[in-house]
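Participant: Sequence:
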Amino acid sequence: MIDETAVVRSYSERSIEFQILTSGACDACEIREHCYRNDGLLSVPRDRLSNPYHVDMVSGMRIGLRIANTSMLGVTGIVYGIPLAVFIIGLFVGYEMIFTRSTEILRALSSFVLAISATFGVGFVISRFDGKVAANLRYDVHPSDA
0 MIDETAVVRS YSERSIEFQI LTSGACDACE IREHCYRNDG LLSVPRDRLS
50 NPYHVDMVSG MRIGLRIANT SMLGVTGIVY GIPLAVFIIG LFVGYEMIFT
100 RSTEILRALS SFVLAISATF GVGFVISRFD GKVAANLRYD VHPSDA
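Residue numbering for the sequence shown is 0 to 145, as defined by numbering that gives the first Met the number 0.
Calculated directly from the structure, the hints in this document are not laboratory data.
Each residue gets a CB set at the ideal place from its N, CA and C atoms; glycine is no exception.
Don't take each hint at face value.
To be verified - Here are the simulated distance ranges between beta carbons:
hint, residue 1, residue 2, range
1, Phe-111, Pro-44, 42 to 48 Å
2, Leu-40, Val-92, 54 to 60 Å
3, Ser-42, Val-124, 38 to 44 Å
4, Asp-38, Val-92, 32 to 38 Å
5, Gly-73, Ile-104, 38 to 44 Å
6, Leu-40, Tyr-79, 24 to 30 Å
7, Asn-135, Gly-76, 57 to 63 Å
8, Leu-105, Arg-13, 57 to 63 Å
9, Asp-2, Asp-38, 17 to 23 Å
10, Val-121, Thr-99, 48 to 54 Å
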């Protein structure tokens with residue numbers, strides 16, 4: 000779960016625009032382009048916004064904004080674990096099964112190229128999956144702790 004402090008900047012019938020205040024973690028985050036762009040301005044469509052605490056959202060109001068349906072462990076496993084596993088499997092398959100008749104140096108290099116190619120392929124698939132996940136993010140508004 001990602002939890003930030005934000006200020007309501009503007010609102011319309013279709014969306015609400017927030018200014019994210021706590022940006023320290025965002026500077027180091029690899030997925031910041033999905034939630035912290037344009038100097039912290041975030042426009043959230045009303046259909047992806049939940050307000051269970053019935054927080055008044057008027058301009059200038061400080062609120063808490065939570066992305067509830069995101070597991071950082073799950074995201075990390077997908078982004079780092081799957082490519083690592085594919086790379087290792089590609090090395091093994093290339094070295095032990097595909098390039099067994101090559102010389103040692105060619106066998107190692109060919110296996111490495113196969114592993115890198117497979118990793119780029121799975122990276123493309125993950126980036127497509129990422130676009131679908133980003134389109135389904137849900138935001139919860141809650142009273143600000145700060």
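Participant: Of the numbered hints stated earlier in the document, which are not met by this structure?
Facilitator: 2, 3, 4, 7 and 10
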